[in-house]
Structure formats: C-alpha cells, structure tokens
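All chains, please: the whole structure from these sequences, using the hints.
Line by line, the protein sequences give chains A and B.
Residue numbering for the first sequence follows the UniProt record's numbering, starting at 1 and increasing by one per position.
Residue numbering for the second sequence follows the UniProt record's numbering, starting at 1 and increasing by one per position.
Bear in mind the hints are in silico, worked out from the structure with no lab data behind them.
Just to be clear, a hint being listed does not mean it is correct.
With beta-carbon atoms standing in for the labels, derived distance ranges [said to hold, decoys possible]:
| hint | chain 1 | residue 1 | chain 2 | residue 2 | range |
| --- | --- | --- | --- | --- | --- |
| 1 | A | L245 | B | Q583 | 48 to 54 Å |
| 2 | A | Q560 | B | E187 | 51 to 57 Å |
| 3 | A | V340 | B | Y587 | 25 to 31 Å |
| 4 | A | K625 | B | I558 | 19 to 25 Å |
| 5 | A | K322 | B | Y587 | 36 to 42 Å |
Where chain B lies over chain A, by a calculated footprint (3+ residues, C-beta under 8 Å) [to be verified]:
| hint | stretch |
| --- | --- |
| 6 | 299 to 313 |
| 7 | 596 to 610 |
Bear in mind that the values here come from a model prediction, so they are computed numbers and not experimental data.
C-beta atoms are modelled at their ideal positions from N, C-alpha and C, and glycine is treated no differently.
Number of protein chains: 2
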Amino acid sequence: MLFQRVSRGVVTIASGSWTKVTCKCCFTDAVRPLLVIELNKEVRLETKQWIISKIEAPANKQGAQLLAHPGEDDDGDMILVAAPPCTLLRNAEAMGLSKPYRDGTMLAFSYPDRASFKNADNIEELLTLAEQQYIAKNELDDLKAGTNESIPGCSKEKGSLYPGEPIFQKLEKSGIVKTMYPLHDKEKLSTFSKQWYSQFSSWELPLDYIHSYFGGPVAFYFSFLGFYTVSLLLPAVLGAVLYFLPWHSLNGHVLLAIFNVVWSTVVLELWKRRSSELAYGWGTLLLNSTFEEPRPNYRGTMGHNPVTKRWEPYFPSAERKKRIWFVSTPVVCAFLWLTVMGMVAYFYLEWCVKDYYSQEPSWFAMLLLYLPSVLHILYVDFMNNVYKTVAHMLTEWENHRVESDFQKHYTLKVLVFSFINCFAVLFYIAFYKQDLELLRKRLASLLIVSQIINQVTEALVPYLLERFFPSQGTKQKEADPHIDKLRAQSCQPEYPGLFAEYIELFVQFGYLSLFSCVYPLTAALLFLNNVTEIRTDALKICKLFRKPFVAPAANIGIWQTAFEALGFVSVISNCWLILISPQVKGYCQENGVSFRNALLCTIALEHVLIILKVVVAFVIPDLPKWVRINVAQLEFRSRQALKTVA
Amino acid sequence: MLFQRVSRGVVTIASGSWTKVTCKCCFTDAVRPLLVIELNKEVRLETKQWIISKIEAPANKQGAQLLAHPGEDDDGDMILVAAPPCTLLRNAEAMGLSKPYRDGTMLAFSYPDRASFKNADNIEELLTLAEQQYIAKNELDDLKAGTNESIPGCSKEKGSLYPGEPIFQKLEKSGIVKTMYPLHDKEKLSTFSKQWYSQFSSWELPLDYIHSYFGGPVAFYFSFLGFYTVSLLLPAVLGAVLYFLPWHSLNGHVLLAIFNVVWSTVVLELWKRRSSELAYGWGTLLLNSTFEEPRPNYRGTMGHNPVTKRWEPYFPSAERKKRIWFVSTPVVCAFLWLTVMGMVAYFYLEWCVKDYYSQEPSWFAMLLLYLPSVLHILYVDFMNNVYKTVAHMLTEWENHRVESDFQKHYTLKVLVFSFINCFAVLFYIAFYKQDLELLRKRLASLLIVSQIINQVTEALVPYLLERFFPSQGTKQKEADPHIDKLRAQSCQPEYPGLFAEYIELFVQFGYLSLFSCVYPLTAALLFLNNVTEIRTDALKICKLFRKPFVAPAANIGIWQTAFEALGFVSVISNCWLILISPQVKGYCQENGVSFRNALLCTIALEHVLIILKVVVAFVIPDLPKWVRINVAQLEFRSRQALKTVA
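Here it is as structure tokens:
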C-alpha cells in the first residue's frame, strides 16, 4: 500500500491494478491505470518527480489533470498513469463523443448536463477503455512548457524548453521517455477474443467489444473486412458456378464483367450506410474536428501559429508545396517509370529466352526460361522496399505539421505505387497484348502465390516464433506478477498499424473488380483467404503486439475514397475486357460490325456506366433513414436548447 | 401620432416610416417596419386583431415576438410588421450568422455575448435589412396554433386549426392574408442602384450593398454573373484573334478546344474560392442547418413528425419515392424522347423539302424551305412551356415536405430537359452528322437570335411598359404619400426568382464550353450579352418587381454542381471535336494513322483530361488560405471557450 498526496486529492494504489481516488470534484471507488510511461534507466529522481508533478497539476497550472503512480518495480523506470472521471468527461465533451441519454437516444455528451446521461456514475460504462486511454494520451500530448521552464536533472542543452513546447515530445526526443503504451486488460480481452479468432463456426464479429477495447479505426477495419468478406459470397458462388458448369467458362465472361461493376458499386454504397450505422451506435458520427499538435519531427523556425497565436516552430506552406511539386512528385513519377520499365524489360527478356529455347532446346535453356520471372519478382520486391523507404523519407522531408496530413500524403504515395506495381502487368496484358488466356493464368498464379506468402509471413511465422521462442520479458523475473505483466507488454513489438492490411484489401479488391471476369474463381479464393485473414489479424492485434493508442473514428477515412476510385477504373477495364472477349468478337464477325463501331459502342457503354455509378452514389443516401432521423432529432434538440437558453 | 399598448412594451409610430419602441428587454430609438401583410378586404376586425395579437405575443405564449401596426390607410387591410432588437438578435444566433467581433475577426454571433460584437447597440449596422426581413418572415412562418384554437371571425370550416398548424400558411390558404412582402427602402436603394445599372463605365458591382439590401442568393447570383463575365474576357480576346487573323479560323480549332476545357475547370474552381471569400465576409460561411416548416401545399394524413415529435400532416417517403420513380421519371423520359423525336422529324422534313426544291424549284418550294425551321421552333417552344408546367405539377404531386427538396427536384427536372432541349441538335450535328460547318452556322445563329429575343423580352418590354403605362397603384390615390408608396409596392408583380436567370447562364456556359471551338466569336458575343444582362437584371430587381424575401446563403448551391457537370461533358465534346477536326483528319491521312488508332488516342486523352479535372478540383483548396486560417481560428476559439466553461 502506498499513499501519495497530489495537489488535487489523495491517490491510493490498491492491491492489484486499480487505484483509489478522491479528487476535489469527483468521487469514485477506484480508477484504473490507463497507460505506462517507460523512462530511460539513467533518468534522475528529480526529473521523474518533475514529470509526475506535471502529469498531476490541474489545468490552471497547465498540467494534464491526471493521476500518476511511480512503478513499484526495482528499477523505478515506470510511471503508471490513471485519469480521474472529471478529466475524462470534460475531454469526452470537447471531442464531441455522443453517449446514450437517459431517454435512450444518443446525444452529444455535455459535461454540465452529465447527470442526465446513462451510466453517469460509472465511468467504466460511460467511456470505453480505448476512449479513456486516448484521452489520457491526448492530455499528456497537450502538456505545454511554461515560460522559463526547463527539464530538471538534465544538461542545459538537453533540458531546455521554449515556452509552449509540447513537453512529452521533448522528453521522447531527448530520450528521457523511452516509450508510452496503453495497458491491456487481459480479463476483458479474454471475454471476446476467443469468439473473434478461434471459433471458426461463428460469423458475427464481436464488433462492439472490439470498438470498446481497441477503439474506432481497429473496429472499422474489422467491420469492413467482415462486411466485404460476406459480400464476397455472391460473386464467389456465381464465379464457381460459371467455372465448373459444363460450358466453357469464357461464356460467362461478359455477364461477369457487368456483374463486377454493379457489385463493386453496390457493396461500397452499402458499406457507407453500414459504416454510418456503426458510427452512430458508437457515438462517433458527429466528432468535433480536433486541433492536432505538431508532429514530433516537425521542424521550422520559431514563429506565431496564425490560428492559435502560439509561439512554436513554423514552416511556410509555400515551401512545403514547392517540395511536394518539384521534388516528391518527380521522384514518385521516376519510380513509377522504373516499375513500368522493369515490366517492359521482363516481357522483352522472356521473349528473348523463349526465342533462344526454341532455337537451341537444352537443359540450360529450359532453366533460363525461369530467369525472367525470378529476376522480375526480385526487382519488384526490391523496388517495393526501396520505394516505401523513399516515400516515407520524402513525406518526412515535406515537413507536414500534423500527423493526419503526413498520413494522407504518405498513403497517397504508397497507393499510387501499389496500384501501378500490382496492376501494371495485368493492364499491359489486357490492353496491349490483349491475351485473355495469359491474363487468366497470371491472375490465378498471383492470387494463389500471394495468398500463400501473405498467410505465412503475416501470421504463421510470428505465431510460431511467439509459441516456441516467447519474448524474453515474460521470463526474466518472477518477483511481482503484476509488474512482470507490465514488463511483458513493454517487450512486445509496437503494433505496425492498419496501413499494410488496408493495402492488402485494396489490392485484392482490385484483382476482383478489375480483372476477375476472366478468372471466375477469384472471388472464391479471396473469400477463403479473408476467412482466415480475419482470424490472423485478430490474433496479431490481441496477442503478438503491444496495444496501440487509437483516436475515435467516424469511418474508414481515405480508404473509402481509394476503393471508390478502383470502382471507376473497374468500369474502364471491364468495358475493355467485354470488347475484346471472344463472344463479342465472334458476334461482330458474324454480323459484320466493324471494330470501329464496336469500339464506339463500348465507349458509349463506359460513359453510361460511369454516369450510372455517379447517379447511384447520389441517389442512395449515405445515412440509413433511422440514422438520418436520429441525427436530425439531435440537431433539432440542440437548436431548441439554444432557443431556451437564449 | 398613434400610441398602442402591446404586451411587451409601447410602440410609437413616428412620423414617416419608423416606429419607436420600448421593449422589456431592449431599448432603441426606433424600429423600422420590415414587412407588410396585406389582408383580404372582407376580413373582420376581430380576425385582424387576433392576427396582431399573435404577432406581438412573446415566445412563451407561442407568439412571434414582433411588433405590429395596423395600417393607417382607408381600407385598413394592411398590417405593418417590425421587429424588436432582442428578437432579431436571438434569431441571428440560431441561424448561425457570423458578425464582426470587437477584435475585428468574424465570429458566430452569440446572444449572451452580444455586447462584445461591433455595432452591438445599433441593430441597423449589426444585421442587414435583408436579414432582418428574413428573420421577421421566419418568425411569422414559425407561428403555430395552440390546442383548441381557431381563427375568430371566420366560418368554422375556414377557421379551424389543428394544434401545431402553421398559422400564416392557414391564413394564406384560406385567403384571409392576400400576400406578404418585405418593404423597399428607396433611400438605401438609391445609394447604390445607380452604380449598379446605369454607370456603364464601372466594373465593380456594389456586392456588399446588394447583399445587405437583397440578401444572399441575389448577391451570389450577381457576383457569379460578374465574375463569369470578367472571366469571359480571356476567351473573348483569344477567340476574336483566332477569328480575325488572316489564316483560316479552323486552324485554332484544336487549340481552342483544349483551352475551353482548361478554362471552364479553372474558372469554376476560382469561383468556388471567390464564393467562400464572399460568404466569409458576409458571415454566412458557417450557417446552421435550419428546420424548415412543411410547405403550404404539403398534404398528408395527420401523424407524429419522427424528428420533432410534433403532430402534423405526414406523408410516407416510400410513397413519394414510388411517385418519383414510377411516374415522374417515365414522364420526364417521355418528354425527352418527344424532344429528340421532334429534332429527328425536323431533320427529316428539311431533307424532304430540300429534295423537293432541287427537283421542282419554284417560289412555293422556296417558301417551303423555311417551313421545317418554323415548325421546329414552334414545337420546341410549345414543348418547353408544356414541360415546365408538367414538371411543376409533377413535383407538386410528389408532395415534398420542405421547400428546399421541392426546389431541388424541380430544378433537376428542368435542368435535364433544358440540357437536351438546347444541346440535342448541336450534339446531333457534331456527333452523328459530323458536319463542322453546319455546327458553326447553327451555333452562331442560336447565339445571335436567342440573345436578341432574351434582351427584348426580359428587359426592354417590361421597362417600356413600366415607363409608358406605369402600374395603376402609383396613380390611384394621393391622400397619404407614405401609404401610397406601400400600395405601389403591393401592385408590383412578384419577383419571379433567379431560376430562369441561372438557366440562361447554364445554357450560355454550355454553348461556350461544349461547342465554342468551332465558332471562336462565341465568348465575345456572350461577353457583350452579359455586360447588358447585369444591368437589365439589376433594373428588374430594383424597379420592376416587388422585393423578394431571401434566406441567407453560403454559395450558389445546386448551380455549382450543374456548371461542374457541364465541365465534364465539355471534355467529351471537345475531345470528339478535336478528333473530327480537319487538322487531325489531315494529319492522320498524311501519316497513315488509322481512324481506329486516332479514336483510341482520343479516348485516352479524354480519360486523362477527366482525371486531371478531378485532380485539379482536389488539389486547389475550396477555401483560400486566409479564409481557412480564419475559420480554423474561429473553431479553435470556440473549442477553447468550451474548455474554460466546462
């Protein structure tokens, strides 16, 4: 037992992982430690005490209004952070979270009116664990240095702070804070994780649990993955029927091409509606835009922020635009060019080797036949890795002020490259070579090979490693089981984020909507892949990685746009594949239609389909009716409230 | 002088048109009468008194919190309505109007914090005349009947009210209120109207005056017209140079086609930025969505409104959708088909007549040559009038609940028809006949003829009528000059709205962006037309019509989308016109390029241009930097305020 006086009340560390608190403005039995700050082992006591005092100071002293508890471990390099209810609730209002009101409707949470919300007295029910952890993290990130402040117990150079500098960014940059991570709650996790990744019979994902435990973006990723996988059933069945029916599968070619265009449009529209239903239920549909702090790597000369009038590093956006347009764009184009050139070289080399083999068939020549493919795969892999590094460096060098801008520009760079990298060969075969048989072979091998590689590298290897060579942290000491559990979490690798997962979905959605009419089994293969993908992804986030901090989210963000863009490209590619299909060619020859007229018809069809897509997207409302009524009700009530108050 | 006790203070009608007021909660020297309610002459005194009492009752008695003054005219059929400052200011907050704060920035107006805004003590400076009149109108529209209320002095059938029924809608429906209109302020109007429509030397429109006097949509229409006219200068000069240079004008064909695509994209993007600048300056960029009352013509069985829970007529939206899809859409398509068929018949008839003339040339046959054109023009005009009536009836029958939905559906119907009606012949000549010379002749005659007709019917006729046969109201009586002025306004016809003006701009923008590459003088002709159009439109709204009620607006609304859609169509038409241009044809013949390959190249060009358009629209921010910073500041300040209050 340990008592510690803090400026705003008395914190009692109870046995186990809960902390009792009596704060000036709110009373509760116990608060839960939300996150761990891991310090460098060389940090002096005075520095640690200064950090704790900052964490606990009230808002009027520019503190984070949180509760800190120096870890009870031997090294003393951990600080556990908890949050009193009043801090959590004030932030819930500022973020614009909606919560169930006493009459059952969702309403934007209001701190002054907090007693009227359901579970008003039980913070654990009112705010999800993920929200609490994000709020605590946000409060720490918001900590600003006062005038003439510096970090005590440090060299002058390392510890100097300019007024208004984000303190935790400085602490991380100078190596005082090694890392910060939210804590797992194994008990909660075990209640739903089994259903998630072990029960192969269950189709329903425990989305509400995932949302409350891991937060918005993770829940949205899994809902999207689940939704998309279920929607794959229809094309999977249709494709399989067309593939295995006695008549030749190419007969279904035109049918499947039209189906693909309709399917991808309808699925994305329905997802938008599903997504807004989820966001409404999770209270995140009407989030406030937040004022993000500058990124830790943001550099610039000191100046006044034009919006907040704060004194902070400032980098003119004109300079950033110059870098984007005159450096990043040409470099990205150069990489795209190199990729396309690699493809051309591959086809040329293959042609040479085949020519050589037909002239002098030998064992050596037969081995040589594999050379172009191997070289091309190595080249693509090499380019892929180099590009990702280069794209990251370029985006870093563009010096975006806030993380969301950084992510947007980085995502865009990687998306464009992935598109060219994955689909250029297929486009080349379809549009230039116009060889449907080759396209079908290529697509089949891509699907099967890439799936096997993905499953092995993504899930099997880390799982086996964890199983047979468990991470060292868990074994090192066994003195205090509670502290050991914390240590174990700190030894796990950081969660790499959902970026790679979404790219994977983007590529498979591309195979399906752009080219699958020539290989009807595509959807079935993707369906099988995704059924396991859901489980391996769940296993990864639950077991293999540290818990990530995630902000509340209202949708899947930029990825919706990316998938919709693929939908438009799919109209072009499917129309073209219809034009060059054997059926249409046969029909044209029989009826004496010139290629020119067939082409004009195809263009007309393409334009009509694109207009139809736009019209469908416009006609189907993004919010289902009940969500629209509820949102209108919410706005009506707040407007009525405004009139009464005034 | 006339004193009248009202429930909330003493109203004094001062000499002239201003009314002194001492309200419970605000003091001011005088209030201005904002609007006139004209009653039916047979209305009984008790009905008139009941209406006045409703207008003046405070909000807690479900009144409109306005000030009413029974007209001093002989017939007693007029009620003048004014508004006390407190009512105006509360509504300004509810509408989300931004006003200059004492530190010079624009901030969402807040009634409790009203003293911190500039001109806090002078309502005439704080709120524009148009805003005041709209607020007064809105308060009247918001008047709801209580339980067991009925209109006194009326037959039971005519005067019955259901609880919550909008009172003024009922009064207008039952003919008790003949009309309601906002009052002109001739003094104010004369300060800027001269600059607007008489000074041909001045280029700057008095936009701020227009906004404050006529309100948002009118100001946005004239800013758009002015902006678009100035942007016409560049294509006008370029076109004129290409037309009058010694080398044949078709040489500039390809150049002009590309220029048109770029120009229309850039102009619309720049307009978006200009529009948001204007909206920021006028304080309407961040308007609150309002809860519109049902339209007067909205019918339905009584039920609970799912949003407001009020008891009111309710019409299921599923039924409305059925009507839209199964009746309106087929009818609209039938009209489009009839228009296209009319065009086909015209071309067929023309071919027959020419054939007949070439076989038997005579005076009669020569006269017959004009028959197809005359018949077609009559047919088009007839269809146009019938369609407008039918579209209005259909949209009325679809039974939209709020006026904005009604307008949206009506606009869409008329837009689609106008597009086909105006451009079908040109598309037919360009795409099917591929006769550039005919296209050029047709475009030139359309431009010149339609301009002359427009100018005559739109401006000259009403102006001459007004000049030589002034409306009777101004002459009838000369007893009281003040009342006579009001009577004169009531005799003017109602302002027909901006719909027809926008359609006109839409059609000329279409001529320019879709086809003008074959007739380079288009832009110059349109420029000349618009320079006078600005003046005649201004004259119409200032002199010839009654002042309209207009709601605040943040942009030109649906018309932005309509013009942008034209931009996309212009890519298709310009690419096609490039393909069939003599230059490209000549180049292909010289270099042995097949039509098939030229067509493929054109398609590629078209797709690239469309992608470019999307990218440009994405890259150019809709808000200029200074507006973005100011809006972010505004949001940052309200967020800070929230934190402090909490």
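Could you tell me which of the numbered hints above are not met by this structure, giving the numbers in increasing order?
Those not satisfied: there are none.
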